[in-house]
Amino acid sequence: MTIKNQEVAEKNWSGQTMVSTDYLLFEAPREKHFMTGSEVTKEAMKRCTVDASVSYPITPQSEAAHLIGELWAEGYIGTYFRGENEFGVMSEVAGCAMAGARTVTTTSGPGTLRAMENFPMWSGTRIPCQLILMARGINSPLTIQPDNLEVSFLLETGCMIWYAENVQELFDMTIAAFTVAEMPDVHVPIITAVDGFFVSHTRESVMLPADDIALRRYDPYAAPLPPIDSEMPPGRFLRDPFVMKSNYISYATHASWQWEVRSAVERSIPYARHYLKGLLHVTGDQDAEIVFVTCGTASHQAKEAHRELAKMGIKSKVVKLRTIRPFPHADLVEATKSATHIFVPEFNVVGWLDKEVTNSLYGKCDAKIVGRPRVAGGMSMPVEAILREVLENVEVKKGA
Amino acid sequence: MSVDIYKINPEFRDIMPQEIIDLEDNATWAGESVEKRGISDLTDKKEILEEHSLCAGCPEAAALRYILAALPTPEETIIVNSTGCTSLMFPHIALHTVHSLFGNQNAVASGIKRTLEWRFPDKVKDVVVLAGDGATIDIGLDYTLQSFFRQEKITTICFDNEVYANTGGQESGSTPKGQVFKMAPKGKVFEKVPMWELAVTSGCQYSVKLTASAPKKVAKVLREAILIARELGPTYIHLYTPCILEIGLAANEGLWEMKEQDKDRFADFKFVTPEAEAYLKECKKKGLV
Amino acid sequence: MANLGPAYYSPYPVATYDGLLTPPEGKALLLTDIVDEEVAMREIARVMLTSENATIFPGPQVLYAWNDEAKKKATLIKEMAEVLNAKMIPMYDYRPKYPKIDAEVEINPNHPNLTIWHNNIKACIFIGVHCHYANVALKIVRSETDCYTAAICGLSGHEDAMATIRDQHSAELAKFIEIAKEVKQELGK
Chain A
1 MTIKNQEVAE
11 KNWSGQTMVS
21 TDYLLFEAPR
31 EKHFMTGSEV
41 TKEAMKRCTV
51 DASVSYPITP
61 QSEAAHLIGE
71 LWAEGYIGTY
81 FRGENEFGVM
91 SEVAGCAMAG
101 ARTVTTTSGP
111 GTLRAMENFP
121 MWSGTRIPCQ
131 LILMARGINS
141 PLTIQPDNLE
151 VSFLLETGCM
161 IWYAENVQEL
171 FDMTIAAFTV
181 AEMPDVHVPI
191 ITAVDGFFVS
201 HTRESVMLPA
211 DDIALRRYDP
221 YAAPLPPIDS
231 EMPPGRFLRD
241 PFVMKSNYIS
251 YATHASWQWE
261 VRSAVERSIP
271 YARHYLKGLL
281 HVTGDQDAEI
291 VFVTCGTASH
301 QAKEAHRELA
311 KMGIKSKVVK
321 LRTIRPFPHA
331 DLVEATKSAT
341 HIFVPEFNVV
351 GWLDKEVTNS
361 LYGKCDAKIV
371 GRPRVAGGMS
381 MPVEAILREV
391 LENVEVKKGA
Chain B
401 MSVDIYKINP
411 EFRDIMPQEI
421 IDLEDNATWA
431 GESVEKRGIS
441 DLTDKKEILE
451 EHSLCAGCPE
461 AAALRYILAA
471 LPTPEETIIV
481 NSTGCTSLMF
491 PHIALHTVHS
501 LFGNQNAVAS
511 GIKRTLEWRF
521 PDKVKDVVVL
531 AGDGATIDIG
541 LDYTLQSFFR
551 QEKITTICFD
561 NEVYANTGGQ
571 ESGSTPKGQV
581 FKMAPKGKVF
591 EKVPMWELAV
601 TSGCQYSVKL
611 TASAPKKVAK
621 VLREAILIAR
631 ELGPTYIHLY
641 TPCILEIGLA
651 ANEGLWEMKE
661 QDKDRFADFK
671 FVTPEAEAYL
681 KECKKKGLV
Chain C
690 MANLGPAYYS
700 PYPVATYDGL
710 LTPPEGKALL
720 LTDIVDEEVA
730 MREIARVMLT
740 SENATIFPGP
750 QVLYAWNDEA
760 KKKATLIKEM
770 AEVLNAKMIP
780 MYDYRPKYPK
790 IDAEVEINPN
800 HPNLTIWHNN
810 IKACIFIGVH
820 CHYANVALKI
830 VRSETDCYTA
840 AICGLSGHED
850 AMATIRDQHS
860 AELAKFIEIA
870 KEVKQELGK
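Going down the list, the protein sequences come from chains A, B and C. Read left to right, the first sequence gives residues 1 to 400 (my numbering). Read left to right, the second sequence gives residues 401 to 689 (my numbering). Read left to right, the third sequence gives residues 690 to 878 (my numbering).
Isolated chain A, as found in the complex (with noise of 0.2 Å):
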């Protein structure tokens, strides 16, 4: 096994080895085992030298928090602690990532909303930290159980999100969630989004490098802001004011602001792709008239709906967005230049996934988007569901 620019292997505190994120991602031996999307955090933070985590409970995401807590205890992790409330929890990151610390927390359904004032904050101060969201339903009425209508809540939060299919995805994605979101032209937080229980609680086969390696540390001095440490200039430096008052300010700043960070989100492009290995994938028959464009668990089933229209010798392909922000319009259109009938469905009642397909392809695709199957409220998406729509709404010719 050779590491990478061994001239410059140093350890990390806990003792792991640090290396590149290629080399982490791409080229390290793996093995196989067998774990839950929650024990795949534990495993995937415990190769990342996180400085420090912020955790509170809310079911599905608790444990994952909790066996990020044990890593604290076993010293792969700088600070940890419990805060009070989500909104706390958030702030607390932020307080944690302003200070110069590479910051992961957790959250799920009605903690995001709690927190949610904190997420433009985190953009607008451009701090690198990383959300694992375990998407489960939005009260009332009260749910545990999957459901991904809180990710529409996030699109315009200035946050990069990525979606995971699997917990094999979910464990790849978070490691290189810290790399991307740490870019110097890039800079903001990123949310990798998963399904909660589905995904959380689930186990599956996954293949993970050995835990004596790790990422490298974080540089807080290689960023777009000076972290708030006091040993970066300028002394004086606060993070952030307001920027409203007329007499001394351009309201054009604001708005700069606000484009500033959105700009940042697609800057991640290129980096996003060559950690992801596109922003999108793309399975099942390349020239098929049928897609399904999905994220999350809901890829896994078309792609079992894939299968079963194969059988009945119908082509069709299934395009997973890997990123939601920033969206991945280019690929997409390329992805469904050759659909007329193209499904999007989810695990929520409002269809945003079908919202931003539609919208970003209007004037750019003449195919008919469906927006369905929807399940909600901790539903499974069973095959047929997705087929119906597919038969009904498809004139079939064979080999079509």
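Misleading hints may appear alongside valid ones.
[To be verified] Derived BS3-like pairs (lysine-lysine); straight-line CA-CA distance at most 27 Å: (1) K407/B - K761/C; (2) K716/C - K277/A; (3) K616/B - K446/B; (4) K407/B - K767/C; (5) K277/A - K303/A; (6) K523/B - K760/C; (7) K811/C - K407/B; (8) K582/B - K617/B; (9) K364/A - K277/A; (10) K620/B - K681/B; (11) K811/C - K776/C; (12) K446/B - K407/B; (13) K407/B - K776/C; (14) K789/C - K716/C; (15) K407/B - K11/A; (16) K789/C - K811/C; (17) K789/C - K446/B; (18) K311/A - K364/A; (19) K789/C - K445/B; (20) K355/A - K315/A; (21) K436/B - K663/B; (22) K670/B - K686/B; (23) K767/C - K811/C; (24) K789/C - K870/C; (25) K670/B - K681/B; (26) K760/C - K446/B; (27) K789/C - K761/C; (28) K761/C - K870/C; (29) K355/A - K311/A; (30) K407/B - K760/C; (31) K686/B - K436/B; (32) K663/B - K445/B; (33) K659/B - K620/B.
Hints are computed from structural coordinates only; laboratory data are not their basis.
With the hints as your guide, set chains B and C onto chain A.
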């Protein structure tokens, strides 16, 4: 090391404004001489606060100047602020500071303090919270008290003007019972919240209530609070800084109002744990207080 | 689309929305084209030498002597100003200054247009300014002025400037100065 961030490269000295040159040449950064900083610096040394937009005669502005003059090691001090009139002064303070949302100041400060202890285990970096009564006691009560429960090593300073002044004068939890303000047109129904007592029961090592009528008194209390927070746990200062505008006083009447309250609502209150008391004695011997 | 402004009124559209990102490692950005670093350096020098009131805006990362690299850069920037016949106006911090900036002698990311208008600056170089504030300023300058902006960046570069070079440390600044001297001679300035 940190004072170097204020040192100007000689090539640029002739294009820098006087205020920046003064910060390098004439400000009292502690360096090795913590004992030398104090209120007397306000007469002829460069202050850490520049011109700001608060009302003429505002007691908050005066109190902030006393506090900045009293910090033991300003170049290693982070101040976390919250929305309110104090926020208008913060961009003009020559330190690394944070303004974040409203009410979450103690949460943000907790994250900063823990990270700085992790990243700089051999350095002393003080984290101070400075916010109004609305931020500390109403919208932020949860986060303020929880940071005390957790024993965060932070000094929390509440600038109490007994009202939400920056938004036009609404009742706050810190308003005295019966006072008429906006949103309490019939007068406040419940008593002024005794935040300095809540600080004690919530685990503060040191909790003080006073007005800003006497600069040296404010300076002493601030110095004690920060030193104790470095070693033992959370400390709390409840400071009366009246909004002369909202209570109908003139620019030069703030001091008189504070002196009146020294005998009334803001008569001295001081709580110090035995450990903190013992620690202060040691500090006195070293000339740090 | 970081073509020369003014882009009418609002900081929109910003360069990324037209697909322009920071240049890849080893390259530079000139208007909307990815070019070799030296090509951009020559053009920056040429514009600075041939524009009215060309000015360098040094930021906190080079103004203060906080490490050896900053001290080296200070000396090089001073030389750069002499070679380019440029003034220097500092961006010494990022606060929204109260009551207002003195536009003749300082620039601030919250109102960079004031300084550009007051001094009638037609070409400028931002150097040593933290990336976030450089970007905020560059978007406003482009939308509201006709000033040609160049950003010399120690990290990834700035796509909202008309010209940007990246990963610039003291060695690269020295190289830029040599190129600028050549261009100066060619132009007979």
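Do the hints match the structure? See the list:
Taken as a hint, the K407/B and K761/C pair is honoured in the structure, with Cα atoms around 14 Å apart against an allowance of 27 Å. Taken as a hint, the K716/C and K277/A pair is honoured in the structure, with Cα atoms around 23 Å apart against an allowance of 27 Å. A distance of roughly 18 Å separates the Cα atoms of K616/B and K446/B; the hinted pair therefore holds under the 27 Å criterion. For a cut-off of 27 Å, the pair hint linking K407/B to K767/C stands: about 17 Å separates their Cα positions.
The suggested pairing of K277/A with K303/A holds, with an alpha-carbon distance near 19 Å, which does not exceed 27 Å. With a CA separation close to 25 Å, the supplied pair K523/B and K760/C stays within the 27 Å bound. Of the pairs offered as hints, the one joining K811/C and K407/B is violated, with about 31 Å between alpha carbons and a cut-off of 27 Å exceeded. A C-alpha spacing of about 33 Å is found between K582/B and K617/B, which places the hinted pair above 27 Å, so the restraint is violated.
Distance restraint check for K364/A and K277/A: the Cα-Cα separation of roughly 25 Å lies within the 27 Å cut-off, and the hinted pair is therefore satisfied. Annotation: proposed proximity of K620/B to K681/B holds, straight-line Cα distance about 14 Å (limit 27 Å). Restraint check for K811/C and K776/C: satisfied, since their Cα atoms lie roughly 12 Å apart, inside the 27 Å limit. Between the alpha carbons of K446/B and K407/B the distance comes to roughly 14 Å, so the proposed pair stays at or under 27 Å and holds.
Restraint check: the Cα-Cα separation between K407/B and K776/C comes to about 22 Å, which is no more than 27 Å; the hinted pair holds. Between K789/C and K716/C, the direct Cα distance comes to roughly 38 Å. Violation of the 27 Å bound is thereby established for this hinted pair. Distance check on the hinted pair: K407/B and K11/A sit about 34 Å apart at the alpha-carbon level, beyond 27 Å; violated. With a C-alpha separation of about 23 Å, the suggested pair K789/C and K811/C falls inside the 27 Å cut-off, and the hint holds.
Taking the CA atoms of K789/C and K446/B, the gap is about 20 Å. The hint holds against a cut of 27 Å. For the hint linking K311/A to K364/A, the alpha-carbon distance of about 31 Å lies beyond 27 Å, and the restraint is violated. This hinted pair checks out: K789/C and K445/B have alpha carbons roughly 24 Å apart, not beyond 27 Å. A C-alpha spacing of about 25 Å is found between K355/A and K315/A, which places the hinted pair at or below 27 Å, so the restraint holds.
About 32 Å separates the Cα atoms of K436/B and K663/B, which puts this hinted pair outside 27 Å; it is violated. Between the alpha carbons of K670/B and K686/B the distance comes to roughly 23 Å, so the proposed pair stays at or under 27 Å and holds. Proposed proximity of K767/C and K811/C is supported: the alpha carbons are some 20 Å apart, at most 27 Å. For the given pair, K789/C sits about 37 Å from K870/C by alpha-carbon distance, which is inconsistent with the 27 Å threshold.
Proximity of K670/B to K681/B is assessed by CA-CA distance (about 16 Å); at most 27 Å being required, the pair is judged to hold. The straight-line distance between the Cα atoms of K760/C and K446/B is roughly 25 Å, inside the 27 Å bound, and the hint therefore holds. Distance hint between K789/C and K761/C is unfulfilled; the C-alpha atoms sit about 32 Å from each other, more than 27 Å. With a CA separation close to 19 Å, the supplied pair K761/C and K870/C stays within the 27 Å bound.
Annotation: proposed proximity of K355/A to K311/A is violated, straight-line Cα distance about 31 Å (limit 27 Å). Of the supplied pair hints, the one linking K407/B and K760/C holds, its CA atoms being roughly 11 Å apart against a limit of 27 Å. Taking the CA atoms of K686/B and K436/B, the gap is about 13 Å. The hint holds against a cut of 27 Å. As the CA atoms of K663/B and K445/B are separated by approximately 33 Å, the hinted pair breaks the 27 Å bound.
Under the criterion of a C-alpha separation no larger than 27 Å, the hint pairing K659/B with K620/B is consistent with the structure, at around 18 Å.
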